[in-house]
Structures are given as C-alpha cells and as structure tokens.
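Engineer: Now for the letters of each chain:
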Amino acid sequence: MKSLVSITDFSKQDILSVLEHAANFEKDSRQRLLQGKVVATLFFEPSTRTRLSFETAINRLGGRVIGFSDANNTSMAKGETLKDTIMMVANYADLIVMRHPLEGAARYASEISRIPIINAGDGANQHPTQTLLDLYSIKKTQGKLDDLNIAMVGDLKYGRTVHSLLQAMSLFRTSFTFIAPPELAMPGEYKNLLAKKKLQYSEHLDLEGSINDADIIYMTRVQRERFLDPMEYEKVKQLYVLRNSMLSNTRPNVKILHPLPRVNEINIDVDSNPKAYYFQQAGNGVFARMAAICHLLNL
Amino acid sequence: MKEEKQLKVSAIKNGTVIDHIPASNLFKVIEILALSHCKNQITFGNNLESKKLGSKAIIKIADRFFADDEVNRIALVAPQAKLNIIKNYNVIEKRTVEIPDEIHSIAKCMNPMCVTNHQAIPTKFKVISRQEVTLQCAYCEKITDQERLVILSGIR
Ligand SMILES: [Zn+2]
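Protein sequences appear in the order of chains G and E.
For the numbering used here, add 1304 to where a residue sits in the first sequence, where the first one is 1.
For the numbering used here, add 22 to where a residue sits in the second sequence, where the first one is 1.
Hints are computed from structural coordinates only; laboratory data are not their basis.
Treat the hints with care, since some could be wrong.
So the derived label-pair ranges between C-beta atoms look like this [claimed, not checked]: (1) G/D1450 with E/P144: 39 to 47 angstroms; (2) G/S1321 with E/N62: 53 to 61 angstroms; (3) E/K74 with G/D1510: 49 to 57 angstroms; (4) G/Q1471 with E/K74: 39 to 47 angstroms.
Here are the simulated DSS-like cross-link-like pairs (lysine-lysine), alpha carbons at most 25 angstroms apart as the crow flies [to be verified]: (5) G/K1387 with E/K164; (6) G/K1316 with E/K148; (7) G/K1306 with E/K148; (8) E/K148 with G/K1461; (9) E/K148 with G/K1500; (10) E/K130 with E/K164; (11) G/K1443 with G/K1495; (12) E/K164 with G/K1306; (13) G/K1387 with E/K148; (14) E/K130 with G/K1387; (15) G/K1500 with E/K164; (16) G/K1501 with E/K148; (17) E/K104 with E/K73; (18) G/K1316 with G/K1501; (19) E/K164 with G/K1501; (20) E/K148 with G/K1495; (21) E/K130 with E/K148; (22) G/K1541 with G/K1579; (23) G/K1461 with E/K164; (24) E/K164 with G/K1495.
Derived list of chain G stretches under chain E, where covered just means 3 residues or more per stretch with a C-beta under 8 angstroms from a C-beta of chain E [to be verified]: (25) 1408-1418; (26) 1422-1434.
Cβ coordinates follow ideal geometry from the N, Cα and C atoms, glycine included.
Please build the complete structure, drawing on both the sequences and the hints.
Structural biologist: This is the structure:
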C-alpha cells in the first residue's frame, strides 16, 4: 500500500502519471472516480487554503468527505493519541489526508494505517502535493519538464517547497539558478544531490539580471524569524523583491511561481504581467490533488 | 599490570567481558543492554586507566552471551568497545561492535518538533555516516549528529 508523505515517495513514473491524470481532470473535471468512496481530511492544525483545495478535489471526483478542520474540538484535545485517531479513521475511510503540527506525524501514520495517507503538511517538514502542483504548473506552462532552467529566489535554506521541488526536478534534465543571501543559501546536501546527478546550478546574490535565462522563477518568502539581527532581515527583505521592471529582459516563456501566501517579495506591479502565474498555480492544486488521490487508490 | 587489573575487576568463569567503554558512557551501556534487569552476576569497573580512551569502563557479565544485533546497539555510545567471550576462564573469542544501518529506540531525535518527542512512538534512524555518527530520523527526516546525540533513558 502506497502513501504520499514526502515527494521522494513517488518515482519519476509516479510523478509523470499523476501529471498526466491532472491534465485529464483539468480537461474534464466531472469524472466521478471517487463515487462511493470516503476520504478523511484530518486537520490537526487549521489550514483553510489546503483543506479547501483537497475537499474540492474530493467533491469534484464524487467522493464523500469526513474529518475535522481543527483538532481543538475533537477527542485529540482530550489527549487521544495520533495512533488511536488514525486506527479509528482507517476503519471508516478509503484514504486519509492529514495535516499535523508535528514533523514526522504523517510518516508515522503511514506506518500504522491500513489505508493510504496523503501528507498535507507535517509542521515545517513536507508538503508533497504542493510540489505536485508546482510540477504540474511547470509542465503546463512550458510543455515539458526537461531542459528547463529553474531560478529559485529567497529563502533557499529553510524553504521546504524549494527543497522538494529541487528533489523532484532533479529527476529531469534541469539546471538551477539559486538566488539568495549567504545566510539563506541552498544547503550543501541539495547541491551534492545535483552534482551527483550531473545537473548544473549557479549561485547568485543579486536578483536583478540573474533571472534572465530562467524558464521558471520560483519566489519564496524570507521570514523574519530566520534572522538573529532584525536590521539584517530588513536589508535582505528589500533585496529579494521581484519588481515588474526586472522582467523586461527575461525570456518570453518565463513564468513566476510562488507557493503563496506572499508578503512583499513579489511587488503588486508584477501581478498584471502575463509572466505572473502564482494565482493560476494555486488553482492547479485541485487537479494535482485529484490526480494524487486517484493514483494512491489505483483508480 | 595484568595482576592489578584482575584485582580491580574480578575474573569470571563463563560469560562476556565488555572492555574499552568510555568511562562517561558506562551507565548508558548498562541501560542499552538492560543490565539493570539482568539477574546474572555482573561486575563493573569505571574510571580505569586506558591508553586509548584516557579513562575507561569495563563490564563483566557471568553466563551471558550477546547476539550481534543486541551488542551492536551499544556502538553509538561505545564505538571502540571490545567483547571478550569467556569460557572456562579463557578468552575464546574477541569481537568488536559495529554501528548498524538502522538505530531503533536508542537515540532521541534532536528536533523538538519531531512527533517522536511528543507521542509514545519508538524512535527510528537511518545511519547516514558512521565515522562522525550522523543519524537521519525516519519520521521528521532531520539529522541528529554526534554533538546533539542523546541516548534515551528508560530503554528496555
Ligand atoms: Zn525526528
């Protein structure tokens, strides 16, 4: 029985199959493949955005949803263990989508559950369906996943979305452009992974000019709590803001992605540029999640 | 020298002598091997002189022999440990310990947000490096290195 806890649980074949199904669902979103099935969405911590995306996906497929959106009102608040909750719900549902504030909670659930688990976020650790929707957005806008240059901007040290995207894109012929302050640079383990796969990358401190060869510009939030010195944060925050004027020499096919919500790292003057894709990207989440659910249920 | 050692920790007829345990980790070894629950005759010495370790500990357990996977559990805290298997006062076999590929229920994950630090879940690590012990948590995926390695208490 397969679960999706971390994007590395999916092979290249799994990913390609999910993306293909996602495209079919986008063409015809009324395929009732989950008719008669029950999917549990267990949100041990609230995340309205993610939960609505999953529940829309399940509803569009004709499935039923059970679950909770906040563990505060459930027996977990009275001290029921994660194990007991998962064991109970596994009796009722065909698949569990779960979000939990503790890291590793979904992996543990996948070990004890007799039905597939989709990790919808375990603390700061993994959120693999975000990566699937990122991949789907890349494939949809570029028509391919090979021979692309992906520029990653901002917090490349702690940002889990860029790490997962890097791991997934390293299955294809990708080159990377890392743009980050030294204190938030891409960790060595990920650069080693690329070196091992003979994939090229370059590192830059300045945003302006470094994005001109990119096919995808993946923006991330630079978070205040990553800095000991608040002055340093203010300085860095201003340096990694994408403005419309910076896009004039970029490739015509380039698209700007962001996992949302944004703070100030993409200036609002970018929003009306056709190269901006972050709002459509979020919309793609429903199709990617429909495909991931069906893939795990072998539908 | 040999005579002196005999006086410090008495010899056993049959059993296992675990030597070259770092003095600071004697009690961790006792805990990992659950020797506090063991009914056999056990003698141990601590803060003995050692050229290799500066100060070492030694444990002698009468009539007890360990399987490899059992004794490899101490490799995290006593990587240089040597086992002497004693039969009839003679050393019939010498063994070293080896860090296994996976570590179960011994180490604590250094990540305060890890699910294993909040729920009754046995810890599990993949060993990434043996030289400088580096463990990757099977749950939160974070790295616990030698510096932050904490051995769980109350292991059975
Ligand atoms: Zn952990």
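Engineer: Of all the hints numbered above, which does this structure not satisfy? Sort the numbers upward.
Structural biologist: none
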